[in-house]
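What follows is the residue order along each chain.
Number of protein chains: 2
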Amino acid sequence: MKLYWSSASPYARKVVITAIETGLDKKLQTVPTAVAPNKPNAELAPQNPLMKVPTLVTDGGEILFDSRVICEYLDTLHDGRKLFPAAGGERWRALRLQSLADGITDAGILCRYEIGIRPAEKQWDGWIEGQRLKAIQGLDAIENDGELLSGAVNIGHIALACSIGWMEFRNTHGDIRKGRPKLFRWYDEFLKRPSMQATLPKA
Amino acid sequence: MKLYWSSASPYARKVVITAIETGLDKKLQTVPTAVAPNKPNAELAPQNPLMKVPTLVTDGGEILFDSRVICEYLDTLHDGRKLFPAAGGERWRALRLQSLADGITDAGILCRYEIGIRPAEKQWDGWIEGQRLKAIQGLDAIENDGELLSGAVNIGHIALACSIGWMEFRNTHGDIRKGRPKLFRWYDEFLKRPSMQATLPKA
Numbered sequence: 000m001k002l003y004w005s006s007a008s009p010y011a012r013k014v015v016i017t018a019i020e021t022g023l024d025k026k027l028q029t030v031p032t033a034v035a036p037n038k039p040n041a042e043l044a045p046q047n048p049l050m051k052v053p054t055l056v057t058d059g060g061e062i063l064f065d066s067r068v069i070c071e072y073l074d075t076l077h078d079g080r081k082l083f084p085a086a087g088g089e090r091w092r093a094l095r096l097q098s099l100a101d102g103i104t105d106a107g108i109l110c111r112y113e114i115g116i117r118p119a120e121k122q123w124d125g126w127i128e129g130q131r132l133k134a135i136q137g138l139d140a141i142e143n144d145g146e147l148l149s150g151a152v153n154i155g156h157i158a159l160a161c162s163i164g165w166m167e168f169r170n171t172h173g174d175i176r177k178g179r180p181k182l183f184r185w186y187d188e189f190l191k192r193p194s195m196q197a198t199l200p201k202a
Numbered sequence: 000m001k002l003y004w005s006s007a008s009p010y011a012r013k014v015v016i017t018a019i020e021t022g023l024d025k026k027l028q029t030v031p032t033a034v035a036p037n038k039p040n041a042e043l044a045p046q047n048p049l050m051k052v053p054t055l056v057t058d059g060g061e062i063l064f065d066s067r068v069i070c071e072y073l074d075t076l077h078d079g080r081k082l083f084p085a086a087g088g089e090r091w092r093a094l095r096l097q098s099l100a101d102g103i104t105d106a107g108i109l110c111r112y113e114i115g116i117r118p119a120e121k122q123w124d125g126w127i128e129g130q131r132l133k134a135i136q137g138l139d140a141i142e143n144d145g146e147l148l149s150g151a152v153n154i155g156h157i158a159l160a161c162s163i164g165w166m167e168f169r170n171t172h173g174d175i176r177k178g179r180p181k182l183f184r185w186y187d188e189f190l191k192r193p194s195m196q197a198t199l200p201k202a
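Taken in sequence, the protein lines are chains L and Z. Residue numbers 0 to 202, in numbering that gives the first Met the number 0, belong to the letters of the first sequence in order. Residue numbers 0 to 202, in numbering that gives the first Met the number 0, belong to the letters of the second sequence in order.
Think of the hints as simulated: they come from the structure by calculation, not from any bench. Please read these numbers as outputs of a predicted model, since none were measured by experiment. Treat the hints with care, as some may be off.
In silico DSSO-like cross-links for lysine-lysine, where the CA-CA straight-line distance does not exceed 27 Å [unchecked claim]:
| # | chain 1 | residue 1 | chain 2 | residue 2 |
| --- | --- | --- | --- | --- |
| 1 | Z | K121 | L | K38 |
| 2 | Z | K177 | Z | K201 |
| 3 | Z | K191 | L | K121 |
| 4 | Z | K81 | Z | K121 |
| 5 | L | K191 | L | K26 |
| 6 | L | K121 | L | K1 |
| 7 | L | K81 | Z | K81 |
| 8 | Z | K201 | Z | K191 |
| 9 | L | K38 | Z | K177 |
| 10 | L | K81 | L | K25 |
| 11 | Z | K177 | Z | K1 |
| 12 | Z | K201 | Z | K25 |
| 13 | Z | K201 | L | K121 |
| 14 | L | K25 | L | K177 |
| 15 | Z | K38 | L | K177 |
Can you make the complete structure from the sequences, with help from the hints?
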């Protein structure tokens, strides 16, 4: 399988972590791919007209995106314990946490695009504050709901670890550890997993 | 079930259409909810810290978001034909089309926020052009892949109809019908469905 990928993308990292956790990483060939919202990537466009990573080409030549779809697909290719619980409350808790974590990441990325890519005179505090609040409230909600972090590793945990890892890597929101001891006790433990250590983002 | 909802949101519309198509709409109580990226909604935040619609509170009191998770959850509550195919190629085709349609919608919404909400002097052509290209290329890809539109109605078709309906409602991208006869033959037919007619967006 071929994965259009970037080391700094938290969504591409989700996919590679999923592959490692499910023993599929040897079957995944990563293709370093540069994407930015103001720079069209004509090479990626035929595979994914949204020009985003991650984008997967399966062994059968089918194209899959975004990270949620790719991760769920990979999870069907192995016989071990599933990262996407099959049904019932466990499934919805995992998928809700994935949504929340992805939503925090999205808000973080929009902050970074605003501050890191947009010309300084075009930056708007109203936008930055709005997106920052979403991310910060999201982290606080997880800090205050111990149940979300418990139980066997699922795709929600992986999404959350990628979100936090990316926010600390880009330092988009200052010291996000402050006031969130439970969340970061969990994160620092999760960070020890070989799948996390093998996928540390690089600039 | 209680659905935090806005008439103009293409993602909230996805959920209501899913409910109608699966015969669950009578069980859904919609709560009109105003959200905007620069206006925090303190009432919604305890349910969804990202402060986005749609957000669902199930009969059991569980909270679910975003639209993908809610729609998949609703699809487990009925015994009819499933909008999320259970497995195999049919499932991935449906989920990929949903991702593509949601990605087109996301790019469209970012264009609208830029032009409709951001102060004029802070608007950046580089951003608008980048997001516009994603949406336009996405529509073209669907026009050129007849298979995506064929087969029994699935969640990908619903997401696509909501995306197109929203782009025409907001007129974010000019005349998107031009040069896409197959896509709009499909759309105009889909638009006749009672679920589409019952959920036309209002400003």
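Just to be careful, I want the Cα atoms of Z/K121 and L/K38 compared with a cutoff of 27 Å; is the pair within it? Status holds; Cα separation ~20 Å.
Can the restraint linking Z/K201 and L/K121 be considered satisfied, given a maximum Cα separation of 27 Å? Not OK: Z/K201 and L/K121 at ~31 Å, beyond 27 Å, violated.
Holds or violated: Z/K201 to Z/K25, with C-alpha atoms at most 27 Å apart: holds, 21 Å
If you draw a straight line from the CA of L/K81 to the CA of Z/K81, is it 27 Å or shorter? Holds: L/K81 and Z/K81 sit about 22 Å apart, inside 27 Å.
Are L/K38 and Z/K177 close enough, with their CA atoms no more than 27 Å apart? With a Cα-Cα distance of about 25 Å, the restraint between L/K38 and Z/K177 holds, given a limit of 27 Å.
CA of Z/K191 to CA of L/K121, is that 27 Å or under? Violated: Z/K191 and L/K121 sit about 43 Å apart, past 27 Å.
Is Z/K38 close enough to L/K177, meaning Cα to Cα at most 27 Å? holds, 25 Å
For the pair supplied as a hint, Z/K177 and Z/K1, confirm whether the alpha-carbon distance does not exceed 27 Å. This hinted pair is violated, its Cα atoms lying about 39 Å apart.
Is the straight-line distance between the alpha-carbon of Z/K177 and that of Z/K201 27 Å or less? Holds. Z/K177 to Z/K201 sits at ~24 Å (cutoff 27 Å).
Given the hint that L/K25 pairs with L/K177, does the C-alpha gap stay at or below 27 Å? It is violated: about 38 Å lies between the C-alpha atoms, which goes past 27 Å.
Does Z/K121 sit within 27 Å of Z/K81, going by the straight-line distance between their CA atoms? violated, 45 Å
Below or equal to 27 Å on CA atoms is what counts here, so check L/K121 against L/K1. Measuring from Cα to Cα gives roughly 38 Å; hence the hint is violated.
Hints 3, 4, 6, 11, 13 and 14, counting from the list given before, are not met by this structure.
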